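Q: Sequence:
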Amino acid sequence: MKKPKPYTLLSVIVLLILILSFYWFEIRVSKIRQNCVEKITTTDVSGLKAQDYDVALKLCLYKYGIKE
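So the sequence shown is numbered by our numbering: it starts at 14 and just counts up by one.
Since the hints were made in silico from the structure, they are not lab data.
It cannot be assumed that every hint is accurate.
What the hints assert, rightly or not - Straight-line Cα separation of at most 35 Å, DSBU-like style, residue types lysine-lysine; simulated pairs: (1) Lys76 <-> Lys52; (2) Lys44 <-> Lys80; (3) Lys76 <-> Lys62; (4) Lys80 <-> Lys62; (5) Lys62 <-> Lys44; (6) Lys52 <-> Lys71; (7) Lys44 <-> Lys76; (8) Lys62 <-> Lys52; (9) Lys44 <-> Lys71; (10) Lys80 <-> Lys52.
Remember, predicted model here, so these are calculated numbers, not experimental data.
Put together the whole structure using the sequences plus the hints.
A: Below is the structure:
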């Protein structure tokens, strides 16, 4: 059985790092954003204006370390 070449192993490691970073920065952010929207809309927001909604969303995202 042949040993795998070092660059093949390195390319697999780099590919895994890229996949994990994509998950961390894209999927994680969208899931947190969805949770924040659900939190804001499920609370009593009968008198909430659009401007207040934006502030509440930004505060919720900031709480999780997402700056917009």
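Q: Run every hint past the structure and note whether it holds.
A: A quick look at each hint next to the structure:
1. For the suggested pair Lys76 and Lys52, the alpha carbons sit about 13 Å apart, so the restraint of at most 35 Å is met.
2. Pair hint Lys44 plus Lys80 holds up; C-alpha atoms about 15 Å apart against a cutoff of 35 Å.
3. For the suggested pair Lys76 and Lys62, the alpha carbons sit about 21 Å apart, so the restraint of at most 35 Å is met.
4. A C-alpha spacing of about 22 Å is found between Lys80 and Lys62, which places the hinted pair at or below 35 Å, so the restraint holds.
5. Between the alpha carbons of Lys62 and Lys44 the distance comes to roughly 24 Å, so the proposed pair stays at or under 35 Å and holds.
6. Annotation: proposed proximity of Lys52 to Lys71 holds, straight-line Cα distance about 12 Å (limit 35 Å).
7. A threshold of 35 Å between alpha carbons decides the hint, and for Lys44 with Lys76 the separation of about 14 Å falls inside it, so the pair holds.
8. Between Lys62 and Lys52 the alpha-carbon distance is near 16 Å, which keeps this suggested pair within the 35 Å criterion.
9. About 15 Å separates the Cα atoms of Lys44 and Lys71, which keeps this hinted pair within 35 Å; it holds.
10. As the CA atoms of Lys80 and Lys52 are separated by approximately 18 Å, the hinted pair is consistent with the 35 Å bound.
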